[in-house]
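So the sequences go chain by chain: A, B and C.
To get the numbering used here, take the position in the first sequence, counting from 1, and add 214.
To get the numbering used here, take the position in the second sequence, counting from 1, and add 1.
To get the numbering used here, take the position in the third sequence, counting from 1, and add 474.
Careful: at least some of the hints might be erroneous.
For lysine to any residue, the following SDA-like pairs were computed, each having C-alpha atoms within a straight-line distance of at most 20 Å [as the list claims (entries may be wrong)]: (1) Lys542/C to Gly91/B; (2) Lys542/C to Lys610/C; (3) Lys594/C to Gly618/C; (4) Lys259/B to Gly91/B; (5) Lys542/C to Arg300/A; (6) Lys542/C to Asp503/C; (7) Lys594/C to Ile168/B; (8) Lys610/C to Lys545/C; (9) Lys542/C to Phe227/A; (10) Lys542/C to Ala359/A; (11) Lys310/B to Gly369/A; (12) Lys594/C to Asp537/B; (13) Lys430/A to Arg383/A; (14) Lys610/C to Arg165/B; (15) Lys457/B to Leu388/B; (16) Lys310/B to Glu400/A; (17) Lys594/C to Arg165/B; (18) Lys275/B to Asp537/B; (19) Lys430/A to Arg446/A; (20) Lys542/C to Thr368/A; (21) Lys310/B to Ser306/A; (22) Lys594/C to Arg167/B; (23) Lys594/C to Thr166/B.
Part of the chain A face toward chain B, derived, beta carbon under 7 Å [said to hold, decoys possible]: (24) Phe227; (25) Ser234; (26) Leu284; (27) His287; (28) Ala290; (29) Arg291; (30) Arg296; (31) Gly305; (32) Gly316; (33) Ile319; (34) Trp323; (35) Phe326; (36) Ile382; (37) Asp398.
By construction, these hints were calculated from the structure, which means they are not laboratory data.
We put the CB at the ideal spot given by N, CA and C, even for glycine.
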Amino acid sequence: MALLETRGLSVRFGGHLAVSSVDLDVESGVVTGLIGPNGAGKTTTFNLICGVLGATGGRVIFDGRPIGSLSTHYRARLGIGRTFQRLEVFGSMTVRENVLVGAEIRQAWARFSHVSPQLLADGEELPLGEEVELLVERLGLAAVADVRVGELPTGQARLVEIARALAIRPRVLLLDEPASGLDDTETGHLGELMQQLAASGLAILLVEHDVPLVMKVCAQVNVLDFGQVIARGTPSEIQANEVVQAAYLGGS
Amino acid sequence: MDQFLQLTITGIPLAAVYAISATGLVVTYTISGIFNFAHGAIGMLAAFAYWQIHVGWGLPALPSLILVIFVIAPLFGALVERVLIRGLEGASEVVNVVVTTSLMIGLLGLANLVWPPGVNRNVVQFFSDVKGVNILGVTVAIHRLIMVAVAVLVVGLLWLLLNRTRIGVTMRAVVDDRSLLQLNGGRPARVSMFSWALGSSLAALAGILIAPTLNLQPITLTLMVVTAYAAAAVGRLRSLPLTFLGALILGLGESYLKGYIDTSDKLGSFQLDKLGSAFSPIVLLIAIIFLPQARLRSVGQQRQREHWKVPSVESAVLGAVSLVVVVVAVALLLAPTYQLLLVDALFFALVALSLVPLTGYAGQISLAQVTFAGVGGIVASMVGAQLQPLGVVVAVAVTGLFGGLAALPALRLQGIYLALATAALAMLMYELVFLQDSVMPANNRQVPPVGVGDMKVSSTLGQIVLLAVAFGLCSIGLVFLRRGRWGRRLAAMKDSPVACATLGLSLTSTKVATFAVSAGIAGLAGAVSGKTLTTDQLRFEANFPVTTFAVVGGVGVVSGALIGGSMLGVLPVMNKVFATNAVGLFKFFEIPVSKLNAVLPGLMGVSLGRNPTGLSPMLSQRFEPVRRSPVAAIGFPVAVAVAWFLAYRDVIDGWTFLALLALVLAVLPAMAVVLAGELGLQRSLVIGGIVVAGLAGAFALPWATLSDTSNAVRFCAFVGYGVLVGVAAGGVAGLLQAPEDERPPSPDMLGITSPLNRSDALEAERGLGFSEEELLVR
Amino acid sequence: MNPSIDAPVVEEIPLLSLRGVRAAYGNIDVLHGVDLDVPKGTVVALLGPNGAGKSTTLKVACGLMAAKAGKVLVAGRDVTGVRAEELARRGLVTIPEGKGVFPNLTVRENLIVATYGGQKLADIEEVAYGRFPRLKERRQQVAGTMSGGEQQMLAMARGLASNPAILLLDELSMGLAPLVVEELYGVVAQIAQSGISILVIEQFARTVLGVADIAAIMLNGRVRAIGSPDEIEEELSSAYLGG
């Protein structure tokens, strides 16, 4: 059984079925890809998983437990972290403060719920401040730690979002186009980081339009089109898939 | 049964007018995106204009009606849109709310100014000389039939407008998709202006229709708007049919409640007769509670027009200490009547401070802070003078709890609904609680002086110190909190609620806690005020200026609350200084100066569109050069201290002291730059000239305040000096700041005057298109 | 009608051109210096994967979004910063992404809104119903209740009837069945015949290459390749799937 599963997940906006019967399995220890053309419903699927949007049908199962009725912040407390396609950083605060807020919020609710161990530290439990420093450093943000995030370029702001999401020590991390705005070197580092995180036991669901990156880091790739999963498989299977080619390039 | 029938028949015309008014509100909101809190005030003004034209100047009813409803009101609405609303694009919800609430206060003041209260003005009902019609045994005046008929006509015409005319279709198009309309060549700004014109016409119509059945009083007519808010909220601010349903519920409900409940009816000691007037806020609250949960949306990073620095705790402590010192120093110079103004200034500053965590830090709106202060004062008074200072503690706790609980249903919502919910709460508290004899016997209640045992704060000076200390302590506390976990969390929530939720933060409980803290501070203000609270001070609309001034002062920082609150508190100084003065144009029209302060809060608020961050950050930015120049930074307090000492010893007049202070503040930044040698000789000389002129003026000013000088001289002297200082400050600001601001170019300026179409293109293709000169334009 | 790509077009001023356009949503930089020309009487297809910045490019071109840097030129004249409605009134017509119709207005009312371009309603109706007879039958129907294809036809009809000099089409095919898409691009080809310059933005590249004179591929906010449709087709698969 996968850590995070969706079964028949659907949402309807007016008469439009934006996500239709989506089944996903997000396993611990690997990066799972979710790709598809514009408007295919990828971000909407994220919103349904973390409860920002209510599903009109289907179930979200986390660690064997249906969580579809929980509100967003309870789902986060179970261990679902995410980033946003359209940046949702705390623009008026510095990079360090952004991560600190995440860690502080976690510390506040950690008293009531089970929290997974730190992902990037090796074994030992670090004090809050050090954990924040560690995250800032591992995301390559040490040089800009005291810069207001509102003043950062997109790529770095995306890394801040990842660091902040990691600060709540999630068990599954939903990344929404983390590489957009990054240059090739940064994208390379991000790929390595994702693989490291996965290796330490995190489940990652990656929405990304940088297809080479997806092909490089993902163990499994799901292709979404018109709100439906039209294909799933290993990267090489997906690349060879005619249906996928048609979905991306259209027609014949 | 007879009574029921009768009440039903009286309720329906009322519902009809409410429907007209609410329709205007909804049309304006859906199309321009701005909720017009001043909608009722526009209707009120129109009713007065109608009275002036018809009764005052004797024009027959019909032309007067046409003039007001089809000319004056729409022009006014369009003007408001053009001048105030268009500049609000991209401003925060807080600023949007404050601008229209300020407009409401401003219009109320204007009405009181032009049509002084106390004169009996009556608008007669239409066809009052014709006998009413008998419907099911109840005689109904023709006027009431007209109300219903007009409402039906409005619905019909509106339908025609929206479905059969281009502008109407375009209005619906704006609601559907604003940018698509632009791509069609439609101008959303014009449509928005039209919606304001239409909304104002409808407000005018409602105002004129209802005026004969109410007294022609500015406030009564203006507050009819709460009914429109309620009906619009039933329609979720967008559905017209549901809005009509809301209006019907309100008209009938009010009629039944007023009909069935006698003035003497009581439940225990609770007087029930106020339920009728409390009905609309009740419906408003219920409608808001049943609204669906606001969806969390990822809206992406938005450019924030407001930006505040977070001060350090040390500077907050320093600020608090200097506040107490300065306040005492000023108080010592003041005559007792002016000292009372200082008490008010500090009281309002403390109430404004309560908005800093809520509005400044967390970005939430409240229009009920004075109400919370009233609750605090009343609770302290109920606990009694003997149990002080326990009373203060109880008052803060109770108010905090009350604030948290009261806000709970509205906190799942955002922006405009929160503003409406707090407004409803303020109205409800006034009608149902503050008007109770058991709560405010003889319409007032004395808040006991603070003290321990027999040591009471009894003098005015003591009260001033107490309030200043309370403000200082609360400020330090707030700055401390802002710099800690809680403050980071609020700032995070303001930046991105959805991100906070996905980090595991419960938005509702965070907001409730913030609301409780905010209400608690307001409650503290009431409990330590030592005031005699009157019901009039706790009116629904008394809440608006505080929020306005807090935002104008700069609600993100505690100093902003101090500036905003004290400005509000000392406004009545004009009443005292210019008690007998008036401005006017010969004998043609004349306005007592003391009345001007009713309009000022409105003017302050509407200025916000340009500077949403508020005064305080603007000032601290202006005084930045002073901080860099040690000579100025040390010289300034020393100079002021010397001047104060001279004034204290009566060597110089109090007015001279104030004038000197104003002068110093105006030119200080420039002096700092001059002293640092950063300005050229010529500019330095100009500034020197200003200083000399200012000094001369400051010493000449006391002459103008002598009792035997004429009103005109006195007034001119003050205004003249004010202008001088203002010009100096403005000029200095101009010297120190680089110009900015750029407008989007109009294509006509670029030389494209006629549409480019296919034939143009073909022509161009043949090489005959545009001449070289044309191509070189820009 | 199809000028050879190799032929120098230097002397002729393109009807629409973007010069070094940069744009951002808040902090998110989307365009990093886009250069693109739409010569007179040509169909230019702008292709590229998700998030490459195609729609943003179009938004800047039509005036809905302000460029952070760079210039937008119409017939050689700098119109950077001119509002969308003003450009629309002067012959730069845009059919936006998704459904370029007002869903709660009837077909006829949608055409009424189109009269801001300066044409009479009767003329617009004549052109629209002449091109798409199906719309005539549906003229009292609320646009949002029509099929996706019909809505897109209405959007196109609106754009056509206002007699544009330049037509900008954004993702015409989004959410539509292949047959309908084919039909729509048939119409695009016809429009191109009449001499209107067209900029088409399309994620589904193959559908549009047949009608285009020039094709360009966008990646990460820049135009990466520009050339004849044939040349571009070869590069497509690697640009999209990184194969």
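Mind checking the alpha carbons of Lys310/B and Ser306/A for me, to see if they're no more than 20 Å apart?
Holds, at about 10 Å.
Mind checking the alpha carbons of Lys594/C and Gly618/C for me, to see if they're no more than 20 Å apart?
Violated. Lys594/C to Gly618/C sits at ~24 Å, over the 20 Å cutoff.
Against the 20 Å threshold, does the CA-CA distance of Lys610/C and Lys545/C hold or violate the hint?
Given that 20 Å is the threshold and the Cα spacing comes to 41 Å, the pair is violated.
Can the restraint linking Lys594/C and Arg165/B be considered satisfied, given a maximum Cα separation of 20 Å?
holds, 16 Å
Does the structure keep Lys542/C and Thr368/A at a Cα separation of 20 Å or less?
Holds - the C-alpha atoms of Thr368/A and Lys542/C are around 15 Å apart, at most 20 Å.
Measuring from the C-beta of Gly316/A to each C-beta in chain B, is the shortest one below 7 Å?
Check passed: Cβ of Gly316/A comes within 5 Å of chain B, closer than 7 Å.
Lys259/B and Gly91/B were given as a pair; does the straight-line alpha-carbon distance stay at or below 20 Å?
violated, 44 Å
Holds or violated: Ile382/A as interface residue toward chain B, Cβ cutoff 7 Å?
holds, 5 Å
Verify the proposed pairing of Lys542/C with Arg300/A, using a straight-line Cα cut of 20 Å.
holds, 18 Å
If you draw a straight line from the CA of Lys542/C to the CA of Lys610/C, is it 20 Å or shorter?
violated, 43 Å
Was the hint right that Leu284/A lines chain B, CB cutoff 7 Å?
violated, 11 Å
Check the hint pairing Lys542/C with Ala359/A against an upper bound of 20 Å on the C-alpha distance.
At roughly 26 Å apart (the allowed maximum being 20 Å), Ala359/A and Lys542/C break the hint.
Violated hints, listed in ascending order, are 2, 3, 4, 8, 9, 10, 11, 12, 13, 16, 24, 25, 26, 35 and 37; each of the other numbered hints is respected by the structure.
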